[in-house]
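As they're listed, the protein sequences go chains A and B. The opening residue of the first sequence carries number 4 in the numbering used here; numbering runs sequentially from there. The opening residue of the second sequence carries number 4 in the numbering used here; numbering runs sequentially from there.
Read the hints as simulated data drawn from the structure, not as lab findings. Hints are supplied without guarantee of correctness; some may be wrong.
Identical copies look the same in the list; a pair holds intra-copy or inter-copy alike.
Here are the simulated BS3-like cross-link-like pairs (lysine-lysine), alpha carbons at most 27 Å apart as the crow flies [stated by the list, open to error]:
(1) Lys125 with Lys366
(2) Lys366 with Lys41
(3) Lys120 with Lys184
(4) Lys222 with Lys120
(5) Lys184 with Lys34
(6) Lys343 with Lys38
(7) Lys184 with Lys233
(8) Lys125 with Lys390
(9) Lys113 with Lys41
(10) Lys113 with Lys184
(11) Lys390 with Lys222
(12) Lys34 with Lys222
(13) Lys222 with Lys233
(14) Lys343 with Lys34
(15) Lys171 with Lys222
(16) Lys125 with Lys38
(17) Lys366 with Lys34
(18) Lys34 with Lys125
(19) Lys343 with Lys233
(20) Lys38 with Lys233
(21) Lys34 with Lys113
There are 2 protein chains.
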Amino acid sequence: MTEVRVGILGLGTVGLGVARILIEQQGLMAKRLGKTLKLVAAADRDLNRDFGLDLSGVTLYDDAADLVKADDVDLVVELIGGYEPARTFVATAIEHGKHVVTANKALVAKHGEELFKLAAEKNVALGFEAAVAGGIPCLKALREGVAANNIESVYAILNGTCNFILTKMENEGADYADVLKEAQELGYAEADPTFDVEGIDTAHKLSILAAMAYGSEIKFDEVYTEGISKIGAADIEAVHELGYRIKLLGIAKPHHGQVEMRVHPTLVPLSSQIAQVSDSYNAVMLSGDFVEHTVYIGRGAGERPTASAVVADIMDIARVFPDGVAYLAPVMGYMADERKPLETLPMADVQSEYYLRIMAQDKPGVIARVTSILADHQISLEGMQQKEHDTGEVVPVIMLTYETTEGNLQAAMSRITALTAVEDEVLILRKESFNT
Amino acid sequence: MTEVRVGILGLGTVGLGVARILIEQQGLMAKRLGKTLKLVAAADRDLNRDFGLDLSGVTLYDDAADLVKADDVDLVVELIGGYEPARTFVATAIEHGKHVVTANKALVAKHGEELFKLAAEKNVALGFEAAVAGGIPCLKALREGVAANNIESVYAILNGTCNFILTKMENEGADYADVLKEAQELGYAEADPTFDVEGIDTAHKLSILAAMAYGSEIKFDEVYTEGISKIGAADIEAVHELGYRIKLLGIAKPHHGQVEMRVHPTLVPLSSQIAQVSDSYNAVMLSGDFVEHTVYIGRGAGERPTASAVVADIMDIARVFPDGVAYLAPVMGYMADERKPLETLPMADVQSEYYLRIMAQDKPGVIARVTSILADHQISLEGMQQKEHDTGEVVPVIMLTYETTEGNLQAAMSRITALTAVEDEVLILRKESFNT
C-alpha cells in the first residue's frame with residue numbers, strides 16, 4: 004500500500020491531536036484512502052515532555068528547520084502559528100518539494116499569496132481547511148460544494164472565544180471584563196486576548212473566505228475590523244428586548260469588481276439560524292445564486308476538531324499522492340490566472356442597518372434635533388425606544404435605522420455627538436436581517 | 004481548453020435548473036475548473052414546450068435511451084427519478100463509458116450497490132450529492148470533510164415537505180390534513196404524498212448516509228420507517244409546552260458491527276440547532292470522535308438548490324476528466340473492498356427516550372397500574388403531565404421516559420393498551436437530547 008510520510012511542526016494541543024489521529028485512526032483512514040498515512044517525524048522546541056502518546060518510531064527534531072528538509076517526509080503539517088518562523092518553515096518545506104497542511108490563519112491571511120505561487124511552482128499541494136472555522140469543512144464547501152454558484156454573501160461567526168464571551172454575557176447578565184477573566188482562567192482565552200476580542204483573528208479568516216468566494220487576492224489589511232470589548236451587559240439586554248442577539252460577524256459581499264469585507268459586533272434576529280450558534284461554536288453561512296442559503300456549524304477551535312480538519316486536508320492530498328496534484332481543486336477555488344486583485348469597497352460605501360444608543364439629556368427638542376439630523380442625511384428610522392425615567396436625566400435613547408451607507412451614518416453621527424445635549428460617544432452597532 | 008460534454012435526462016424543474024447553470028455560469032465554472040462544461044444533449048418525452056432557455060446547439064432527444072449511447076456525450080445527468088427506467092438508463096450510460104451524476108435517491112438507495120460495481124468496472128465516476136439534502140454538500144462533508152473521524156451518529160432532517168408541514172402546523176396550530184392540502188396546492192407536496200409524509204423519502208436518503216458513514220452496504224429495506232401523518236396539532240402544542248418540537252428525523256448510529264437506522268417523528272429540544280431548522284430547509288448533523296458535532300443546513304429541494312448540487316458533482320468529475328477518475332474520493336467514502344454488508348440493529352434493541360400519550364379514564368388506580376407496568380419493564384419516568392379536567396372523563400396522560408429499549412417499551416405498551424381503563428392507541432413518539 005502506498006505510504007504518505009507525514010511530519011508535524013509543533014507538538015502543542017493541535018499537533019498532538021493530529022499525531023493522535025494519525026496513530027490511532029491509521030486503519031480507518033487506510034480503508035477510506037487505500038493508502039497509509041504514516042507519522043514519521045515531529046519537531047518541537049521542548050522534547051523532554053510526556054506527550055501522552057507512543058511516539059516510538061517517530062523521528063523527533065528540536066529544530067523544525069531540520070524536519071522541513073528531511074528526505075523521508077512527504078508532507079509537512081505546520082502547527083506553530085504566527086507569521087514567523089512559520090512562514091520560513093513552510094516556504095522551505097515547499098522548496099524541498101513537500102506538500103504542506105497548516106492551521107495557521109495568520110500565515111495564510113498575510114503570506115498566502117506568496118506561498119500559493121511557490122507551491123504552484125514546485126507542484127505541491129497546500130491545505131489550510133483548519134485555518135478557518137476549526138473542524139467545520141467550510142473551505143471545501145465553498146471551493147467545491149457550492150462551486151457552481153456566484154457567491155452572494157458570506158456571514159460567519161469565526162472566533163470561538165468571542166462567541167463564548169458573548170453567550171456567557173447574555174446568559175449570566177455578566178459584564179465583558181468579568182467573563183473575559185473567567186474565559187482566561189478556563190483556558191478559552193489567551194493571556195493577551197487582543198487578536199481574538201478585537202476581531203483580528205476573525206479578520207484573518209474572513210479575508211481568506213472572501214478571496215475564495217469572489218476570486219480575489221487575500222487582502223487581510225483592508226478588512227474593516229471592530230471587536231467586542233466595547234459591548235456591555237446592558238447593550239446585550241437592550242437588543243434582546245428588541246428581538247436581537249449580538250454576534251461578532253465576519254461579512255463579505257461582492258460589488259461589481261469590488262469586495263466588501265468587515266468584522267464587527269452585529270445584531271442578528273433571535274429567530275435566525277446564526278443566532279442559535281452559541282458558546283465556542285462557529286458558523287459559516289454561504290449564499291449563492293442557485294443554492295440559496297447554506298449554513299455550516301461546528302466547533303471553531305480545540306485540539307480534536309482542529310486536528311480533524313488538518314487530517315481531512317492530509318487525506319485530500321494523499322488521495323492524489325504522488326502524481327495527481329493537478330487533479331485537486333485549485334487552492335483558492337479559482338485557477339491561479341483567473342484570480343484578480345479586486346479592490347476593497349470603501350467602508351463609507353458599505354450599506355447596513357444600524358442600532359444607535361445615544362445618551363441624551365431629556366430636554367424638550369433634543370430628540371427632534373437628533374431625528375432631524377438623521378433625516379438630513381437620508382437616514383430613516385425603523386424604531387426608537389426610550390425607557391421611563393425622571394425628567395431632566397441623561398437617558399439612553401435607542402434608535403434602529405433602515406439601511407443606509409456608513410458614510411451617511413458617520414456624517415450624521417459627527418453632528419449628533421456635537422450636540423451639547425448628547426453626552427458620551429454614541430454606541431453604533433450594525434444590524435443584519437438575512438431574510439432566511 | 005478541455006471540454007466536458009454533458010447530456011441531461013429529464014428536463015423537469017431540476018433538469019432545467021442544471022441546464023440553466025451549465026449555460027449561464029459556463030464562464031464562472033471555467034474560471035474555477037480550467038475546463039469548459041458544455042451542455043450538448045438533453046432528453047425529454049415532451050420536447051414541444053417552451054423551456055424558457057435558449058437550447059440552440061443542444062441535441063434534443065425524445066428517447067433517453069438514445070442519449071445514453073450518444074458518442075458526443077462524456078457525462079450523463081439522470082433527473083428522471085424513480086427506479087425504472089432510470090436504472091436502465093444509468094446502467095446503459097455507464098456501460099457506454101460515460102460518467103453519471105444523478106439526484107435520484109430512490110435509485111441510489113435501491114440499486115446503488117449494483118451501479119457502484121458497474122461504474123468501477125467501467126472506470127467511470129458516479130455522483131449523487133443532490134440525492135441527499137438537496138443543495139447541502141453533506142455527502143462531500145461526510146466522505147471527505149470529516150473523513151478522519153469514526154462517525155458516532157447521523158441525525159438529519161431530510162424531507163422538505165414534512166418539515167414544511169410540521170413548521171406550518173406549529174406556527175398556525177393547524178391540523179395535518181389541512182396543511183397537507185395547502186402544501187399540495189402550493190406545489191410543495193405531491194398529489195400522492197406517501198413517499199414524503201410516510202418517511203420513505205427520508206429512509207432512502209438515510210440509508211445512503213448510514214452506509215457512507217459506517218462503511219456498510221446500502222440497506223434501504225431495513226430502515227425502520229414511520230411518517231408524520233399521525234401527528235395532530237394538539238401533540239405539537241403539548242410537546243412545545245414541555246420544551247420540545249417535533250421533527251421527522253433520520254437517525255443512524257454504529258453498534259460494534261451493526262448499524263442502527265430509523266426514521267420517525269422525534270421530539271427535539273427547542274434550544275437545539277436542529278429545532279431551528281424550519282420550513283423546507285434540511286439539516287444534517289454529523290458527529291465524529293474528533294470533530295465533535297457538525298451541522299449542515301440548507302434547502303433540501305427545489306430547482307435551483309438541487310441543480311447546484313448536481314453541478315458540483317459535475318465539476319468534481321470534470322476536475323479529474325478525462326484520465327484521473329482514480330483520484331476521486333471513493334464513491335461511498337471507503338475503498339470498495341473495505342465496505343462490509345453490516346447487519347442492521349433490530350428495532351427491539353434500539354435505545355431511545357420516549358414521549359407517551361395515553362388516553363386513560365380518570366379513575367383511582369389507573370395511573371398506578373400504568374406506572375407499575377412501566378416499572379416491570381425497567382422503564383423510568385422523567386416526567387408526567389395530566390391536565391385539569393372533570394372527574395370520570397377520558398383524559399390524555401403524557402409521560403416522558405428515560406432511555407430504554409424499544410423492545411422493553413413495546414412489551415410494556417401491549418400490556419398498557421390492554422387495560423380496560425386505557426382507550427385508543429397510545430401515541431408513542433421518540434425523543435432525542437443531542438447534548439449539544
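**Study point:** In rising order, the numbers of the hints this structure does not comply with
**Key:** 1, 2, 3, 5, 8, 9, 10, 11, 15, 17, 19, 20
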